[in-house]
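Please build the complete structure, drawing on both the sequences and the hints.
Residue numbers (the working numbering), protein chains in the order written: chain A, 1 to 131; chain B, 1 to 131; chain C, 1 to 131; chain D, 1 to 131.
Only true hints are included.
Cut-off 20 Å, straight-line C-alpha distance, at most; resulting in silico cross-link-like pairs (SDA-like, lysine to any residue):
1. A:Lys48 / B:Lys56
2. A:Lys127 / A:Cys82
3. A:Lys48 / D:Lys11
4. D:Lys102 / B:Leu119
5. D:Lys85 / D:Leu119
6. C:Lys48 / C:Glu124
7. A:Lys118 / C:Gln65
Stretch-level coverage of chain B by chain C, calculated; a stretch enters the list once three of its residues show a Cβ under 8 Å from a Cβ in chain C:
8. 5-15
9. 31-37
10. 46-59
Since the hints were made in silico from the structure, they are not lab data.
For each residue, glycine too, the CB sits at the ideal point set by N, CA and C.
There are 4 protein chains.
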Amino acid sequence: MENCVFQLEFKVRDYECDLQGIVNNAVYQNYLEHARHEFLQTVGLNFKDLNDRGIKAVVARADLQYKFPLQSNDRFVVKLRCEQKGVRTMFYQNIYRLPDEKLCLKGIITSTTLVNGKLAICDEIVKAIQI
Amino acid sequence: MENCVFQLEFKVRDYECDLQGIVNNAVYQNYLEHARHEFLQTVGLNFKDLNDRGIKAVVARADLQYKFPLQSNDRFVVKLRCEQKGVRTMFYQNIYRLPDEKLCLKGIITSTTLVNGKLAICDEIVKAIQI
Amino acid sequence: MENCVFQLEFKVRDYECDLQGIVNNAVYQNYLEHARHEFLQTVGLNFKDLNDRGIKAVVARADLQYKFPLQSNDRFVVKLRCEQKGVRTMFYQNIYRLPDEKLCLKGIITSTTLVNGKLAICDEIVKAIQI
Amino acid sequence: MENCVFQLEFKVRDYECDLQGIVNNAVYQNYLEHARHEFLQTVGLNFKDLNDRGIKAVVARADLQYKFPLQSNDRFVVKLRCEQKGVRTMFYQNIYRLPDEKLCLKGIITSTTLVNGKLAICDEIVKAIQI
Numbered sequence: 001m002e003n004c005v006f007q008l009e010f011k012v013r014d015y016e017c018d019l020q021g022i023v024n025n026a027v028y029q030n031y032l033e034h035a036r037h038e039f040l041q042t043v044g045l046n047f048k049d050l051n052d053r054g055i056k057a058v059v060a061r062a063d064l065q066y067k068f069p070l071q072s073n074d075r076f077v078v079k080l081r082c083e084q085k086g087v088r089t090m091f092y093q094n095i096y097r098l099p100d101e102k103l104c105l106k107g108i109i110t111s112t113t114l115v116n117g118k119l120a121i122c123d124e125i126v127k128a129i130q131i
Numbered sequence: 001m002e003n004c005v006f007q008l009e010f011k012v013r014d015y016e017c018d019l020q021g022i023v024n025n026a027v028y029q030n031y032l033e034h035a036r037h038e039f040l041q042t043v044g045l046n047f048k049d050l051n052d053r054g055i056k057a058v059v060a061r062a063d064l065q066y067k068f069p070l071q072s073n074d075r076f077v078v079k080l081r082c083e084q085k086g087v088r089t090m091f092y093q094n095i096y097r098l099p100d101e102k103l104c105l106k107g108i109i110t111s112t113t114l115v116n117g118k119l120a121i122c123d124e125i126v127k128a129i130q131i
Numbered sequence: 001m002e003n004c005v006f007q008l009e010f011k012v013r014d015y016e017c018d019l020q021g022i023v024n025n026a027v028y029q030n031y032l033e034h035a036r037h038e039f040l041q042t043v044g045l046n047f048k049d050l051n052d053r054g055i056k057a058v059v060a061r062a063d064l065q066y067k068f069p070l071q072s073n074d075r076f077v078v079k080l081r082c083e084q085k086g087v088r089t090m091f092y093q094n095i096y097r098l099p100d101e102k103l104c105l106k107g108i109i110t111s112t113t114l115v116n117g118k119l120a121i122c123d124e125i126v127k128a129i130q131i
Numbered sequence: 001m002e003n004c005v006f007q008l009e010f011k012v013r014d015y016e017c018d019l020q021g022i023v024n025n026a027v028y029q030n031y032l033e034h035a036r037h038e039f040l041q042t043v044g045l046n047f048k049d050l051n052d053r054g055i056k057a058v059v060a061r062a063d064l065q066y067k068f069p070l071q072s073n074d075r076f077v078v079k080l081r082c083e084q085k086g087v088r089t090m091f092y093q094n095i096y097r098l099p100d101e102k103l104c105l106k107g108i109i110t111s112t113t114l115v116n117g118k119l120a121i122c123d124e125i126v127k128a129i130q131i
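Shown next as structure tokens:
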């Protein structure tokens with residue numbers, strides 16, 4: 001992934017696999033969310049703290065292309081880059097199995113911010129992620 | 001189950017099954033929690049509303065005996081009775097597969113209440129569940 | 001939703017809500033998956049049974065537009081229609097809060113079938129869903 | 001914890017927290033399961049591989065004492081010791097918050113083994129965990 005600004009390694013946990021023996025589709029959104037929140041930490045933002053201050057970062061759209069299934073015992077990395085487009089922050093997040101870097105998921109997460117219940121650009125977030 | 005005061009029917013959802021093809025152990029706690037919260041509704045208590053008012057009902061202990069595994073497509077019922085013991089509310093919750101009523105789980109959930117951060121008997125809850 | 005062929009009612013369970021007090025984004029995929037599998041049952045197909053026979057129905061893409069958040073205590077309905085496009089089965093799945101039918105999520109799930117590990121049209125599925 | 005034979009560090013992920021803003025009770029079982037399966041790896045056993053060979057390690061009982069809630073951003077460690085008692089393997093698993101080592105959960109997981117569907121002592125497991 002070009003212009004990757006953050007990456008986080010994980011290992012599949014067996015409870016994340018379903019009866020097909022592969023990681024359940026919904027779980028990939030857990031991985032992506034955790035990677036985004038850890039990325040925010042690295043630029044000085046804490047998701048829970050933002051939330052407690054009335055700044056609700058919410059997902060407006062998730063577009064997930066499943067390329068290859070992760071399974072029990074797999075290690076993998078979530079890579080992330082992001083850009084601001086008006087009120088929307090776009091997170092491009094790919095998942096690669098390790099160590100062979102096989103692409104498993106291509107994700108585009110569109111998030112927006114509600115400040116005191118209204119759609120708004122949150123300068124604090126916009127500045128922080130322009131790294 | 002004797003003195004059952006509430007019961008709720010469910011159907012296993014495939015994402016709740018793990019790579020052994022049976023419902024993952026942790027998921028049974030989800031079932032029990034949902035049944036407790038639905039029971040509370042029937043006696044006029046709402047878990048989120050209590051929480052928003054600073055009354056935190058928390059689980060102090062969960063003792064779960066797994067008797068027979070639920071699997072894909074199974075229907076089942078959670079049956080519940082409860083009693084107050086000092087600051088603790090004891091929820092006895094069994095899960096039976098349907099339609100054969102085979103016992104799948106015997107659970108004892110001990111819950112307590114933190115009111116504004118301190119362990120306390122919450123009269124509102126105690127009165128409500130003495131039905 | 002026009003041409004809806006199946007709908008399934010749910011109630012939000014409190015464990016599905018995250019620290020923002022709303023249903024976590026990933027959980028909507030759980031709802032959609034369960035609705036698809038229940039739909040398949042109505043046309044004579046069982047997801048686990050297909051899987052056990054080497055027919056792996058997998059999600060190739062999930063495009064989810066989050067319109068309005070579900071929260072504790074909400075009832076909602078997942079409505080579904082589907083169409084076959086070559087090797088891909090497209091499931092259009094919307095979630096509406098009840099009773100006001102407010103649109104909460106618009107989802108397009110693209111699924112394909114691996115028969116004995118190879119991408120293939122599964123006649124059994126294609127015929128069953130052409131209702 | 002005395003005689004601890006394995007420990008694994010984790011960080012709370014925000015999706016694991018519920019509307020009370022703390023890790024949901026069921027999620028602790030996920031942590032314990034993952035720690036057990038990682039422990040098994042260190043003694044040469046793989047949970048999925050055992051399962052594929054007809055050796056089903058199942059939880060017969062989970063006794064979980066919740067001492068202090070984990071919350072967003074917490075790091076913690078699961079410590080584990082185990083002993084064999086007849087057909088049962090007992091896993092004593094405690095969770096401590098880091099870095100202050102505050103005890104959050106005391107768990108006793110009783111597991112048994114079904115070999116080709118029958119309750120049996122699995123020598124392979126018994127030998128491996130006698131370290």
